[in-house]
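Taking the hints as your guide, dock the two standalone chains into a single complex.
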Amino acid sequence: MLPCGTASWDSAVTWRVNGTDLAPDLLNGSQLVLRSLELGHSGLYACFHRDSWHLRHQVLLHVGLPPREPVLSCRSNTYPKGFYCSWHLPTPTYIPNTFNVTVLHGSKIMVCEKDPALKNRCHIRYMHLFSTIKYKVSISVSNALGHNTTAITFDEFTIVKPDPPENVVARPVPSNPRRLEVTWQTPSTWPDPESFPLKFFLRYRPLILDQWQHVELSDGTTHTITDAYAGKEYIIQVAAKDNEIGTWSDWSVAAHATPWTEEPRHLTTEAQAPETTTSTTSSLAPPPTTKICDPGDVGSGGGPSIPFLTSVPVTLALAAAAATANNPLI
Amino acid sequence: MLACLCTVLWHLPAVPALNRTGDPGPGPSIQKTYDLTRYLEHQLRSLAGTYLNYLGPPFNEPDFNPPRLGAETLPRATVNLEVWRSLNDKLRLTQNYEAYSHLLCYLRGLNRQAATAELRRSLAHFCTSLQGLLGSIAGVMAALGYPLPQPLPGTEPAWAPGPAHSDFLQKMDDFWLLKELQTWLWRSAKDFNRLKKKMQPPAASVTLHLEAHGF
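Protein sequence lines, in the order shown, are assigned to chains F and C. Using full-length UniProt numbering, you'd call the opening residue of the first sequence number 1 and step up by one each time. Using full-length UniProt numbering, you'd call the opening residue of the second sequence number 1 and step up by one each time.
For the record, the hints were derived by calculation from the structure and aren't laboratory data. Computed from a predicted structure; not experimentally measured. Errors might be hidden in some of the hints.
Here are the simulated lysine-lysine pairs, DSS-like style, with alpha carbons at most 25 Å apart [what the hints assert, rightly or not]:
id	chain 1	residue 1	chain 2	residue 2
1	C	Lys196	F	Lys199
2	C	Lys197	F	Lys161
3	C	Lys197	C	Lys90
4	C	Lys90	F	Lys241
5	C	Lys171	F	Lys136
6	C	Lys32	F	Lys199
7	C	Lys171	F	Lys199
8	C	Lys171	F	Lys241
9	F	Lys81	C	Lys196
10	F	Lys199	F	Lys232
11	C	Lys197	F	Lys81
12	F	Lys114	F	Lys134
13	F	Lys199	C	Lys198
14	C	Lys32	F	Lys134
15	C	Lys198	F	Lys241
16	F	Lys161	C	Lys90
17	F	Lys81	C	Lys198
18	C	Lys171	F	Lys161
Have a look at the derived ranges for each label pair, beta carbon to beta carbon [stated by the list, open to error]:
id	chain 1	residue 1	chain 2	residue 2	range
19	C	Thr73	F	Ser142	43 to 51 Å
20	C	Lys32	F	His214	23 to 31 Å
21	F	Trp212	C	Thr73	48 to 56 Å
22	F	Trp212	C	His125	32 to 40 Å
23	F	His41	C	Asn80	54 to 62 Å
24	C	Asp167	F	Val111	34 to 42 Å
25	C	Gly56	F	Pro96	44 to 52 Å
We treat Cβ as the ideally placed atom computed from N, Cα and C, and that holds for glycine.
Just chain C, same shape as in the assembly (with noise of 0.2 Å):
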């Protein structure tokens, strides 16, 4: 069962508001987040072949296929094409953030456990990328005015010991962490490619606000 203790991701430090002189609005941030989500996914098309080769098979088989089952608390990118569409830039920009704080607190598991040194490197070089993209998007939410998501006291993931589960099943729920994470990178390309385009033109206009006021 996987369950994490994340309270650390929670309390990021602030990240600086918004720059009066000057800014050139969250255009460049989003496109800066759209540029690290194609690096990670690049980088995790390695990572998870090391990893599946070295859990065996069948889950380096090209034509694996398993029902989901377990890994219930993995954040799923799958969503309603009409519901996705609509998504407000808020709503978007948390999910995505909520997304890969998880995300990345199951991979810092997983470090935990892996067996060889070479895999604890890869992991830890992904883990801190992905802490970049985390930070990025953070940047972005601040630049746009949105407050970060914060978990509700009470709700706090924390380590749940479950039921023991045998070896293969745990190595489902690597797959399936791996997989969800593979598709939540190309989703989050989609995201900051809507992002970039409706942030386009009230780019400029918010400069020159800015610039106003600055005198």
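Just chain F, with the same shape it has in the complex (with noise of 0.2 Å):
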């Protein structure tokens, strides 16, 4: 029920919401009445008187909900600098809401600093490490319609879960068809990995099947994959967490790799001259794609397969180089 200022009730007056005139029959006298308020109702509603279209009244509605309890989360993945804890809304109020977050380490009220960039989450430093006594933090959300709480309680080491590892990579090992090798680095927020060592669980699977390899590892952040199928491409992700305390991290980033495989040999043929027993006639510089020399290949026999290009004209080995130049191997 809106009323149109200080008219009288038999005032006659027209009512417009952002400049759209209203139907009379919402009127009951000179009072606007919205029945079944919904969201869409919001907007500027003036009244003017209905002759003289003088202004008598405006006011801005604002169509919005009381909060629901809001879902609030803490988690340490600065161990042992301190925690973190943020919150949000199950449904929106579409109207402001404010926050306010106090924190109870046993008796004693801590500070939570708000963060710099995100309106939900805020920070508390940690003064004292192994403590016995539960955290308590607690919110409560208001706005012009109504007021919500919330809390939540848990020990020091229960909320302690680091972020993924960084940097993750995976590289085929030259000459081993069958590893891989899987370098990462140590979350960036991790404070002190000297004295809060981490520990890792990598996965690896290759593209084309569903399931994971898991491999766990106590230190170091390097691991060789030693059984991946030749020739397919791999997808690894890799942990962490604390050695002792909490939960493991989120998987990282994916890495890619495919383990090294030989080069195709039939690529040479089209350049192979018959074969001659006298090789010295060759003043020709070797292709120029990277070959890489395993000493099985090569031949150390004096195999058909060296000097491959030495018999063949000039012509033919520019093609074949050509040929060659266009197929990266790796």
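As structure tokens, then:
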């Protein structure tokens, strides 16, 4: 029920919302009646003297909801420096809300510093470690229509969860068709990996399969996979956890790699002349491809694959070189 | 009121002196101590679960968050972050040793009162393991040349029959004992990790030095 300012009930007025006229059947005398209020009713309402169009009153209407119970969670990804708490409302209220967070450690009140960037997060610094007393974080949210609160209680150790490892890189191992070398770094947010070491969990699978292989590693930031399927592209991820307390981090950004494969030999047959035993006429430079020199491949016994371009006319050699250059083999 | 007669602990048999031939240094015994804290922490989890169930609600409720009243004589693991970081090795080891000495004593008291035979067995087993941890810490201290802490004459903890307090308060004491034990074991893992990292480079040089003297 919106009254038209100080106008008497029987004044002749017209109501408009955001400049659009409203039907007279919504009026009760000079008052506007909005039934079954919904979000679409928000707007600037104005009432005018019907004959003179003199603006008598206007009011900005915000339709909103009282806040539901907020969702609150806390986590320490910077143990032992501190922890942060973040919150949100399960459903929007459509009107401004204010949040108030209090942190109690036993009977002691701790300061939760607002995050500089995120509105729904604040940070607490640990003053003491190895406490037997739980932390209690309460949040209250209020807006013009109502108020709600929630609280959580936890031990120092239970909320420890590092950020995922960074810079996960997987590389093929030269001359090893079943190996992949994986390296990563401890998350940069973990302040003291020396005193508070992390252990790691690695998972990998070829893209074509659904089942992951898992390896748990108690230290070090490298691992060599030795049972990769030859020639198949792999996806690899790593997670981290404090050695003794808390939970595993989320999985890292995935690294992709394919194990080393031997350079296919068939490309050389196009350029190969009928085999001759004398190969002293070679004055041609070797092809520009980066061929990995595998002792077994080059043939220590002077097999047919050695200077395979020597007896070939120049034009063919160049064509072969061009062909191989277009086929990267790694 | 928790109080304890603990004379027997303060007179542990002297740990053999540093073996001069081919001694690898304190590194392996620090690792062993670390491993023992992890083993004990694991053992405590099931022991505490059983014991708290025996105490009944609210002690066995996960959200139970009482104020820390009484149990003032329990050694507290909690420490200021900067103070903990800057503890020297001797102090770090001494604090661990003293804490577990007291905790073991209180645990033995708990064992005396425990109602069921099964609980007494579990507690006795845990006490034995805890005794092993104490011996391990003593070994590390001896290897590093630190003296074992001795109680000052006259301040030796003795059994003090405190003011008779209720069954509930006694259970609260038991609750805090188990909580403090759990926290100390977590702390010790971190303490020994720190010691391990510090000991790594010097360990090799100590060995070489001793071998030279052995000739």
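Taking the hints in turn, this is what the structure says about them:
Distance check on the hinted pair: Lys196(C) and Lys199(F) sit about 16 Å apart at the alpha-carbon level, within 25 Å; holds. A distance of roughly 23 Å separates the Cα atoms of Lys197(C) and Lys161(F); the hinted pair therefore holds under the 25 Å criterion. A threshold of 25 Å between alpha carbons decides the hint, and for Lys197(C) with Lys90(C) the separation of about 15 Å falls inside it, so the pair holds. Among the hinted pairs, Lys90(C) with Lys241(F) is inconsistent with the structure: their alpha-carbon atoms are about 29 Å apart, more than 25 Å.
Straight-line distance between C-alpha atoms of Lys171(C) and Lys136(F) comes to about 23 Å, which keeps the hinted pair within the 25 Å bound. For the given pair, Lys32(C) sits about 19 Å from Lys199(F) by alpha-carbon distance, which is consistent with the 25 Å threshold. Straight-line distance between C-alpha atoms of Lys171(C) and Lys199(F) comes to about 37 Å, which puts the hinted pair past the 25 Å bound. As the CA atoms of Lys171(C) and Lys241(F) are separated by approximately 34 Å, the hinted pair breaks the 25 Å bound.
Note on Lys81(F) and Lys196(C): the hinted pairing holds, with a Cα-Cα distance of about 21 Å set against a maximum of 25 Å. Distance restraint check for Lys199(F) and Lys232(F): the Cα-Cα separation of roughly 28 Å exceeds the 25 Å cut-off, and the hinted pair is therefore not satisfied. Restraint check for Lys197(C) and Lys81(F): satisfied, since their Cα atoms lie roughly 20 Å apart, inside the 25 Å limit. Restraint check for Lys114(F) and Lys134(F): satisfied, since their Cα atoms lie roughly 22 Å apart, inside the 25 Å limit.
As the CA atoms of Lys199(F) and Lys198(C) are separated by approximately 19 Å, the hinted pair is consistent with the 25 Å bound. Distance restraint check for Lys32(C) and Lys134(F): the Cα-Cα separation of roughly 31 Å exceeds the 25 Å cut-off, and the hinted pair is therefore not satisfied. About 22 Å separates the Cα atoms of Lys198(C) and Lys241(F), which keeps this hinted pair within 25 Å; it holds. Only pairs whose Cα atoms come within 25 Å are accepted, and Lys161(F) paired with Lys90(C) is rejected, the gap being roughly 31 Å.
Between Lys81(F) and Lys198(C) the alpha-carbon distance is near 21 Å, which keeps this suggested pair within the 25 Å criterion. A hinted pair counts as satisfied when its Cα atoms are at most 25 Å apart, and Lys171(C) with Lys161(F) does not qualify at roughly 33 Å. Separation of Thr73(C) from Ser142(F) is about 45 Å and conforms to the stated range, judged on CB atoms against 43 to 51 Å. The given range of 23 to 31 Å is respected by Lys32(C) and His214(F), whose C-beta atoms sit roughly 28 Å from each other.
For Trp212(F) and Thr73(C), the Cβ-Cβ distance of about 51 Å falls inside the hinted range of 48 to 56 Å, so the restraint holds. One distance hint, 32 to 40 Å for the beta-carbon pair Trp212(F) and His125(C), holds here, with the actual separation near 38 Å. In this structure, His41(F) and Asn80(C) meet the distance hint of 54 to 62 Å, their C-beta atoms being roughly 57 Å apart. Evaluation of the 34 to 42 Å hint for Asp167(C) and Val111(F) yields a pass: the beta carbon distance comes to about 40 Å.
Between Gly56(C) and Pro96(F) the CB atoms are about 48 Å apart, so this pair conforms to the stated range of 44 to 52 Å.
Taken one by one, the earlier hints fail for this structure at numbers 4, 7, 8, 10, 14, 16 and 18, listed in ascending order.
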